[in-house]
Amino acid sequence: MSTNGNSKAAEYWKANVRLLIGCLVVWFIVAYPLAIWLAGPLNSISLGGYPLGFWFAQQGSIYTFVGLIFFYAWRMNKLDRKFDVHEN
Amino acid sequence: MDLQTITYLVVGATFTLYIGIAIWARATTTGEFYVAGKGIHPVANGMATGADWMSAASFISMAGLIAFNGYDASAYLMGWTGGYVLLAMLLAPYLRKFGKFTVPEFIGDRYYSQTARIVAVICLIVASITYVIGQMKGIGVAFSRFLEVDFSTGLFTGMAIVFFYAVLGGMKGITYTQIAQYCVMIFAYTVPAIFISLKLTDTVLPQFGLGAAMADGSGQPILDRLNQVVTDLGFASYTDHKGSALNMTLLTLSLMIGTAGLPHVIVRFFTVPTVRDARASAGWALVFIAILYTTAPAVGAMARLNLMDTIMQPTAATSGPEQFTPLTYSERPQWFKNWEKTGLLTFEDKNGDGQIQYYNDGNEEFAQKAEQWGWEGNEMVTVDRDIMVLANPEIANLPNWVIALVAAGGLAAALSTAAGLLLAISSAISHDLLKGVFMPRISEKAELTAGRISMGGAILVAGYLGLNPPGFAAQVVALAFGLAAASIFPALMLGIFNKSINRQGAVAGMLVGLGTTLVYIFVYKGWFFIPGTANLADTADNWVFGISPGSFGAVGALFNFVTAIVVSKVTAPPPVHIQELVEDIRVPRVSG
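Here the protein sequences line up with chains A and B, keeping their order.
Numbering of the first sequence is given in the numbering used here, commencing with residue 430 and proceeding in unit increments.
Numbering of the second sequence is given in the numbering used here, commencing with residue 42 and proceeding in unit increments.
Accuracy of the hints is not assured; some may be wrong.
Stated by the list, open to error - Here are the computed lysine-lysine pairs in the PhoX-like style, where the Cα-Cα straight-line distance is at most 20 Å:
| no. | chain 1 | residue 1 | chain 2 | residue 2 |
| --- | --- | --- | --- | --- |
| 1 | A | Lys-437 | B | Lys-540 |
| 2 | A | Lys-511 | B | Lys-540 |
| 3 | A | Lys-443 | B | Lys-486 |
| 4 | B | Lys-79 | B | Lys-141 |
| 5 | A | Lys-443 | B | Lys-141 |
| 6 | A | Lys-507 | B | Lys-79 |
| 7 | B | Lys-540 | B | Lys-138 |
| 8 | B | Lys-79 | B | Lys-540 |
Source of the hints: derived by calculation from the structure; they are not laboratory data.
These figures come from a predicted structure and were not determined experimentally.
Between the sequences and the hints, there should be enough to build the whole structure, so can you do that?
Listed below in structure tokens is the structure:
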């Protein structure tokens, strides 16, 4: 591997880590602050017939997790192409 | 046709399907046996992962857990789904790029150490065996309940089916049967849920039904109504948090990390063709899991409401005992009688009035009030929460074929998970121990035979343990997740994300994570789960900072991370070729 290839790989890795930290921050906020720590106060707000904190804990968090994985996969595929490390 | 005949037909048809698939998808190479030749489409793999992951516990027990714990059961919902986010971003793509067959193999290669590989094999086997006992029990129970054969006959039938398709087809056979099993399972779970949601709220999708208004004309949201019904009878509010927030946080986190660290799930991502597929496949797996996991809260809440309303029928009165018309015991419905026979539902007429008073007599304030009303204690002495999903279609008066379908669904859930676990165990033995450690020069053909023999052996051991379940079977589930979270996950993640973690650091980290988690569980549950050897009673007052043994995995994982990093700092860095290996797995393809 050339030095040039090396630094390019390092840059690709850095971009990947930045992206996944962003995704994990969202993962964390939904699962912990919204669904657990603030569930009490959020329950006084309703979403349809759902108390909001309860909805995050039993519905919203799961939808968010699904969305996050697809978002990550989509952005990584773009990143793979940009750095020319994509598989055929 | 009566229920029994229909059940035999439905279950028989699904079993024929599984066997047909097995014959079609025979494995002829070790690659096909361990990782299905790495040729599974990502969506298909996602579906197989869903079946692999969702066990008898998800199918049968989870909705019951939600029904009786309400909001507090959310830790399981989030824990068992949120782990896939960690898996998709922190492990799956890189392990797929590594491109070998097993999880211990990665740990052995990355940490250039047979010791590390063997420690990983031990964690894998303990975690997987623990899990498989529960599945075997689930198979026996489903058979004996619905087909009215005895437990052991049911278990042997289940073992024979798994033996046939897992030994013959390996991962390839297992994958295609799991796809079929997923379809059976999800159909069986959602159909009754849709029926019940329509009945209670006029809404087709249970996910929306749970947020909708009651169809009885009151316009009251169903969750509001449920809260009112349960609190009127002295139970805790359904949608509010009851326990400690710290413990719930750590339990959720432990289940997430544990999910991402369970080898039978990880290895599913070795079966797809590319790194890109591994990422997408994790998303698809979660979609298929989410269909069941977002339905479960509706099943739980609606079952609880149906149960309460059947037994303590509400009236127009707003205070006093006149608020309820308790069910008269001699007029109890058929499903009540059916479940009484199993002992999972029992009634005791404490005040001798021939009616069933169902309330929370553990709530002192309410119990006093009830006493003035002439109630002398809760008369629904046992309501086993595991009956919720199984009894739900009967409670809601659904047609017989739906009930038969639920039996087939429960069996599909147990069989698919058992097969995945058995494969993880047998490949750890034939590939990691036999080929990796003891007989490196074994031929591919001999290894394939060894894989089949160890699969057969694993099925026999699992069957034996299913027939003679050790008393601690239920408690060791915490152990399975604790092990996966505190030992396997940190070793894998650090192996990918931190180039400077060396052999000493990884082994020390795994041992510290494992050791602290084991000790914490043993102190409360008994040493090696031997009854009477616990040092402290397993109650919230005794737990350190209120952390339950099942929630300790996240703390054990933290100890593992810290130990591995500190030890690696003070010992020699890993050799250059290992650092290159890490660089290599981080990119899908070398550019240029």
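Comparing the hints with the structure gives:
Proposed proximity of A/Lys-437 and B/Lys-540 is supported: the alpha carbons are some 17 Å apart, at most 20 Å. A C-alpha spacing of about 24 Å is found between A/Lys-511 and B/Lys-540, which places the hinted pair above 20 Å, so the restraint is violated. Simply put, A/Lys-443 and B/Lys-486 have alpha-carbon atoms about 43 Å apart, too far for the 20 Å limit, and the pair is violated. Restraint check: the Cα-Cα separation between B/Lys-79 and B/Lys-141 comes to about 10 Å, which is no more than 20 Å; the hinted pair holds.
With a C-alpha separation of about 25 Å, the suggested pair A/Lys-443 and B/Lys-141 falls outside the 20 Å cut-off, and the hint is violated. As the CA atoms of A/Lys-507 and B/Lys-79 are separated by approximately 24 Å, the hinted pair breaks the 20 Å bound. For the hint linking B/Lys-540 to B/Lys-138, the alpha-carbon distance of about 16 Å falls within 20 Å, and the restraint holds. In summary, the hint linking B/Lys-79 to B/Lys-540 is not supported, as the alpha carbons are separated by about 27 Å, beyond the 20 Å threshold.
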